[in-house]
Amino acid sequence: MTVTISARSPDIVMRLERMGSFHQSRLSFMRTLMRRMKEEQWEFACTRFDVDEKGVGVALYSATTPERTYTLVAFAHDLPDDMRSDRVIATAWDTTFALHDGVPTAADIERLRDNVPQQEAGRVSGSELTLSRANRSARLWESVIDCLAAGTQPEREVIENVGYLMRTAAVHGSGKFGAADRASIADRPELLAPFQVEMLTVYLIRTFVMDLVEHMARSKSSSAVALNPELRRCFGIGNSTGLGMAPFLVTHPRLINNWIAAREEALVRVRSVVHPSDEEVSLFRSFVRRARRTVETWHSAHDLQQTKIESLMADLDQLDHHLESIDLTERNGWDRFVEWAHANLSIEGQELVVSLVLEPYGHLIDDLATTMHADESAPAAIDGSRSVAQTRDQLACDYAWALRVSWSAEDANARAWYVSEEKLEPRLGQRHEEPVGEYEQPLQPGRDAARMFLDLERSDDGETLGSFLRRHPEHRHTARRLAVLEEAPYAEIRDNTIDADMLPIDLLRAKLSFFGATHFDPRSDRWVRITMFQGAPFPDELQTSDPDAWVYPVIEGAV
Amino acid sequence: MNLSLGEFQALVAKAFRGGGYSWGLTEDASFVARRIAESGLPAGEMAVRLLDRVDGGPLTDRMPDERWDTSGSGLCPVCVGASIADQSGCDRLEIGPTFEPVFLAPFLASTVRTQRGYGYLIEWPSGRCEVSATGISVQDPSPPGAVPLTVSRQRMTIERSSRLDRVELSEVTYERLSVFAHRTYAPATEASRIAGAGAETDDG
Chain E
1460 MTVTISARSP DIVMRLERMG SFHQSRLSFM RTLMRRMKEE QWEFACTRFD
1510 VDEKGVGVAL YSATTPERTY TLVAFAHDLP DDMRSDRVIA TAWDTTFALH
1560 DGVPTAADIE RLRDNVPQQE AGRVSGSELT LSRANRSARL WESVIDCLAA
1610 GTQPEREVIE NVGYLMRTAA VHGSGKFGAA DRASIADRPE LLAPFQVEML
1660 TVYLIRTFVM DLVEHMARSK SSSAVALNPE LRRCFGIGNS TGLGMAPFLV
1710 THPRLINNWI AAREEALVRV RSVVHPSDEE VSLFRSFVRR ARRTVETWHS
1760 AHDLQQTKIE SLMADLDQLD HHLESIDLTE RNGWDRFVEW AHANLSIEGQ
1810 ELVVSLVLEP YGHLIDDLAT TMHADESAPA AIDGSRSVAQ TRDQLACDYA
1860 WALRVSWSAE DANARAWYVS EEKLEPRLGQ RHEEPVGEYE QPLQPGRDAA
1910 RMFLDLERSD DGETLGSFLR RHPEHRHTAR RLAVLEEAPY AEIRDNTIDA
1960 DMLPIDLLRA KLSFFGATHF DPRSDRWVRI TMFQGAPFPD ELQTSDPDAW
2010 VYPVIEGAV
Chain B
30 MNLSLGEFQA LVAKAFRGGG YSWGLTEDAS FVARRIAESG LPAGEMAVRL
80 LDRVDGGPLT DRMPDERWDT SGSGLCPVCV GASIADQSGC DRLEIGPTFE
130 PVFLAPFLAS TVRTQRGYGY LIEWPSGRCE VSATGISVQD PSPPGAVPLT
180 VSRQRMTIER SSRLDRVELS EVTYERLSVF AHRTYAPATE ASRIAGAGAE
230 TDDG
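Sequences listed follow chains E and B, in order.
Each residue of the first sequence is one higher than the last, beginning at 1460 in this note's numbering.
Each residue of the second sequence is one higher than the last, beginning at 30 in this note's numbering.
Derived by calculation from the structure, the hints in this document are not laboratory data.
Check each hint, because a few of them may be wrong.
From the derived model, a few chain B residues whose C-beta atoms are all more than 12 Å from chain E [claimed, not checked]:
| # | residue |
| --- | --- |
| 1 | L70 |
| 2 | P71 |
| 3 | D84 |
| 4 | E95 |
| 5 | D120 |
| 6 | Y147 |
| 7 | P154 |
| 8 | T163 |
| 9 | G174 |
| 10 | T179 |
| 11 | T186 |
| 12 | D194 |
| 13 | S199 |
A few chain E residues that don't get close to chain B, going by computed Cβ distances all over 10 Å [claimed, not checked]:
| # | residue |
| --- | --- |
| 14 | L1519 |
| 15 | T1611 |
| 16 | S1643 |
| 17 | S1681 |
| 18 | R1751 |
Label pairs and their computed distance ranges (CB to CB) [claimed, not checked]:
| # | chain 1 | residue 1 | chain 2 | residue 2 | range |
| --- | --- | --- | --- | --- | --- |
| 19 | B | D90 | E | E1769 | 51 to 61 Å |
| 20 | B | D84 | E | P1894 | 15 to 25 Å |
| 21 | E | L1883 | B | D84 | 19 to 29 Å |
| 22 | B | S117 | E | E1897 | 45 to 55 Å |
| 23 | E | E1897 | B | S181 | 34 to 44 Å |
| 24 | E | P1688 | B | E188 | 51 to 61 Å |
| 25 | B | L193 | E | C1505 | 28 to 38 Å |
Even glycine gets a Cβ: it sits at the ideal position worked out from N, Cα and C.
Using the sequences provided together with the hints, build the complete structure.
Here you go:
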């Protein structure tokens, strides 16, 4: 008998607790980029490295595809320690970057030198695709230089525990601060998948940072040594992400749907494999062992994350035990295994299993990466000919979860998302304690849907939605979300985004997992540090490496 | 100033919100402003004139009533355009006095996307605008004040016009849009700065 596997329901997937437990997967944007760079044999070069012994200067790193060249223009600065901050209100950084579309001229570099170090206070042009900056890890930077200058290699364990020498604090793309709009580059095949220019920027930054640290060691001592290549790969790039990123998941419903739908479809395809092969199962088992190593080196100072890591370790123990007792090559092995995980593991563990079972099946699922973009240039059309009764029924179905919330309760309505005058960045305030309610952004679709429902109930069943919206223009954004949900079932987070207990880091993690981040380390309930590209082959190693397997640490005896 | 389309759209969205529009209409307004700017028309200036005209009045005065009219000083083309788009277009409509009629064009174009060879003619006493899914052609783009409109769907072919991918805004227009946008920002206080962003000073 053939079992038909259905995708997991949005009611299960689109809960904040689960989204805050997502892990990177084969469909993460970083991995999509790595596969393409290898497949298309992109060529990389450091075409200029003018950095003095204090670490001040400019460097250029180019990535050439079969069609065109992209160039990272990197500026290195001598930043006093007391000015180093990842926060959005910082005004100076250790390094600043722009990704230039093509090969920059001398005039371009001078133009960028006048603007890029100022970040948001400067302007880039339509010839730039991203604007970003990175700060040193105070914990590791000096000690790595000292080791290399003394002719020794840093301890592997120390590197793994921190994971990076520099942390990016923002990577702005998509037309921000004058850069090119996504729409103007989205027709390039290499940029079709989301966030590819941002991922390329970070990948090139990582290469520059490693060159910079070795340069600084050589400046300190003529007998300095280079990093051993294996240790070098242990350095990823850190990233510090704050509240500013959180609204993205609410403001891009069609895009988020496509991300989640691709991952859920991938899971369906794997669960539908009737007879898993010995090779596939053995690959999976080795990835489970290697994933354990990732979890072992995952440290977090945050209590909530620490608890989640501990339960994930317990999940892995249980998983190992279970794997000893089953034969995954039996009929519908994956489907039964995923069912078992959902019934027995924590949500962190369940989501790790989802990512792991996808690993052996690149040939079945990697094509889904091309379905993860979305054209969001035009607002979704609203069918105003619908009746109030039809609209109300649809709303009651799509937002059933929101209609169960008691919105008059203080806790359910405790927060308000607003934009501060100071840095024009999203913030989360306490509605009942601060005067921020009147500045509220539309980032609480559940509450707004419940409000629209009340007004629909007070209207005539036969009135058209068009007429209703003329009387109630305040519900227009909710009517539009309803239109999106008809074609995009995973478009909406099915949780209260203004609840007293809501954790913004759940929103951040969901997005960052799709980037391909590992080692989520929340520093509070609203900002998180992560590691990107840790273990990844450098440009000169790409053609001789597996573009996927690096994500999990190499351990002896595992494939 | 030379802006990306995304920057321009985001600025216009904030300006319309600051000008008293609902969130849904704000999405519509910023999208149509972007489309108009892409066709090389001065969308920023039009947006400023519109916002200045309707500023301070209630949103209901700008919304069309059942007769596509208003008892206020003039209709908002975003409110009218959104209503026409919601009903998937129209054959012919007489519309009461409306500010900046070109703002209607992208809404109308969206309803004939799949109807090849069709477009809309928007007429007012001193000018007209033809629009289809492929292009736009305007005479007298910004009449002074609100003007009565006739909108009719017609067979037409407009040469496909190239789309700009940047927006040039004068300092005056940028500043004026920014003044409206600024109304959407909560005044900063030290307490909210620390609590709201939730950052720590640790820099490990």
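Consistency of the hints with the structure:
With 12 Å as the threshold on Cβ separation, the claim that B:L70 sits away from chain E holds: the shortest Cβ distance comes to roughly 18 Å. Distance to chain E confirms B:P71 as a non-interface residue, since its nearest Cβ pair spans about 19 Å, more than 12 Å. Non-interface status of B:D84 relative to chain E is upheld: no Cβ of that chain comes within 12 Å, the nearest being about 17 Å off. At roughly 8 Å from the closest C-beta of chain E, the C-beta of B:E95 falls inside 12 Å, breaking its exclusion from the interface.
Interface exclusion of B:D120 from chain E stands, the closest Cβ pair being 15 Å apart, more than 12 Å. The Cβ of B:Y147 lies farther than 12 Å from every Cβ of chain E, with a closest approach of about 17 Å, so its non-interface assignment holds. For B:P154, the shortest C-beta to C-beta distance to chain E comes to about 26 Å, beyond the 12 Å cut-off, and the non-interface label holds. The non-interface label for B:T163 is consistent with chain E: the shortest C-beta to C-beta separation is roughly 15 Å, beyond 12 Å.
Every Cβ of chain E is farther than 12 Å from the Cβ of B:G174; the closest lies at roughly 23 Å, confirming the non-interface assignment. A cut-off of 12 Å between C-beta atoms confirms that B:T179 is not in contact with chain E; the least separation is 21 Å. Every CB of chain E is more than 12 Å from the CB of B:T186 (nearest about 22 Å), matching its label as outside the interface. Listed as outside the interface, B:D194 is inconsistent with that label: its C-beta sits roughly 5 Å from the nearest C-beta of chain E, within the 12 Å cut-off.
Chain E leaves B:S199 outside its interface by the beta-carbon criterion, the shortest separation being 16 Å against a cut-off of 12 Å. Distance check on E:L1519: its Cβ is at least 23 Å (rounded) from any Cβ of chain B, clearing the 10 Å threshold; non-interface status holds. Against the 10 Å criterion, E:T1611 stays outside the reach of chain B, whose nearest CB is about 23 Å from its own CB. Once the 10 Å rule is applied to beta carbons, E:S1643 is inconsistent with being away from chain B; the minimum gap is 5 Å.
At the 10 Å boundary, the C-beta of E:S1681 stays outside the reach of chain B, the nearest C-beta of that chain being 31 Å off. The beta carbon of E:R1751 is kept farther than 10 Å from every beta carbon of chain B, the shortest such distance being approximately 25 Å. Distance hint check: the CB atoms of B:D90 and E:E1769 are about 60 Å apart, consistent with the given range 51 to 61 Å. One distance hint, 15 to 25 Å for the beta-carbon pair B:D84 and E:P1894, holds here, with the actual separation near 23 Å.
For the pair E:L1883 and B:D84, the beta carbons lie near 22 Å from each other, so the given range of 19 to 29 Å is met. The hint said 45 to 55 Å for the Cβ distance between B:S117 and E:E1897, and at roughly 35 Å that hint is violated. As the Cβ distance of E:E1897 to B:S181 is approximately 42 Å, the hint placing it in 34 to 44 Å holds. Checked against the hint of 51 to 61 Å, the C-beta distance between E:P1688 and B:E188 comes to roughly 59 Å, which is consistent with it.
Between B:L193 and E:C1505 the CB atoms are about 36 Å apart, so this pair conforms to the stated range of 28 to 38 Å.
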